[in-house]
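**Q** If you read the sequences in order, they're chains G and E.
Be aware that the first sequence starts at 1, since it is given in the working numbering, and climbs by one per residue.
Be aware that the second sequence starts at 1, since it is given in the working numbering, and climbs by one per residue.
Simulated from the structure, these hints should not be mistaken for laboratory data.
The beta carbon of each residue, even a glycine, is placed where N, CA and C say it ideally should be.
One thing to keep in mind: the hints can contain errors.
To be verified - For the chain G half of the interface with chain E, some residues (derived, Cβ under 10 angstroms), not all of them:
(1) Val4
(2) Leu11
(3) Thr104
What the hints assert, rightly or not - Listed next, the in silico SDA-like pairs over lysine to any residue satisfying Cα-Cα at most 25 angstroms (straight line):
(4) E:Lys41 with G:Leu11
(5) E:Lys42 with G:Ser51
(6) E:Lys20 with G:Gly40
(7) E:Lys14 with E:Asn51
(8) E:Lys55 with G:Glu1
(9) E:Lys14 with E:Thr111
(10) G:Lys41 with E:Lys55
(11) G:Lys99 with E:Lys14
(12) E:Lys42 with G:Arg36
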Amino acid sequence: ELKVEQNPLFLSMQEGKNYTIYCNYSTTSDRLYWYRQDPGKSLESLFVLLSNGAVKQEGRLMASLDTKARLSTLHITAAVHDLSATYFCAVTLRGTASKLTFGTGTRLQVTL
Amino acid sequence: GAVVSQHPSRVICKSGTSVKIECRSLDFQATTMFWYRQFPKKSLMLMATSNEGSKATYEQGVEKDKFLINHASLTLSTLTVTSAHPEDSSFYICSVDRGIGYTFGSGTRLTVV
């Protein structure tokens, strides 16, 4: 059974600070995704990582993937209040025809 | 990008009644759609995979007779929560796999009173 864990579960950080969210998964995966969810809303796609060593950046967010360690990171640079949201990683398990398994989620609160 | 329309966005129903939620893929022919459930402050849990023209595949622990899924066309999948109870109150989200990524519906907040 594929398990996807994130840490921390909750993160409170000041504007301007840097921090990293970690996503560990238990078995070999095809793809890893990062999503953002605002309260009461659906999911917004941030990144898809396809191979070992993949790195993608958009604004203050950068995601990376280490398939050997089964680890992905989402790094936040110089956080701003608008980044406050819940962030989920999700993976597809090889051979399961695109079923997504979500991580536990990290609720990020950026304070002024 | 792909647009997935989900209706209703919010519904309140009485205990014992049934509720139908629609998920439409507006610009992509989807042979497969996915239904998720999300409880407050929790992650998304896959309920079932909806297959066009055939039976849905349910995840372990999800009652197929309670959560009826119909995927009659390449653009529409419906989830009917039958004989709803307060514990079925949740946020239900559909998604479409476009091969290059997933697009999610806007979600349906179901409250059973």
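**Q** Each hint: holds or not?
**A** Here's how the hints hold up against the structure:
1. Val4: holds, 9 angstroms
2. Leu11: Where the cut-off is 10 angstroms and the nearest Cβ of chain E is about 14 angstroms from Leu11 (chain G), the hint is violated.
3. Thr104: holds, 5 angstroms
4. E:Lys41 with G:Leu11: holds, 14 angstroms
5. E:Lys42 with G:Ser51: violated, 28 angstroms
6. E:Lys20 with G:Gly40: Holds, at roughly 20 angstroms.
7. E:Lys14 with E:Asn51: Between Lys14 (chain E) and Asn51 (chain E) the Cα gap is close to 29 angstroms, so the pair fails against 25 angstroms, i.e. violated.
8. E:Lys55 with G:Glu1: holds, 23 angstroms
9. E:Lys14 with E:Thr111: Within the cut-off at roughly 9 angstroms; holds.
10. G:Lys41 with E:Lys55: Between Lys41 (chain G) and Lys55 (chain E) the Cα gap is close to 29 angstroms, so the pair fails against 25 angstroms, i.e. violated.
11. G:Lys99 with E:Lys14: violated, 32 angstroms
12. E:Lys42 with G:Arg36: holds, 14 angstroms
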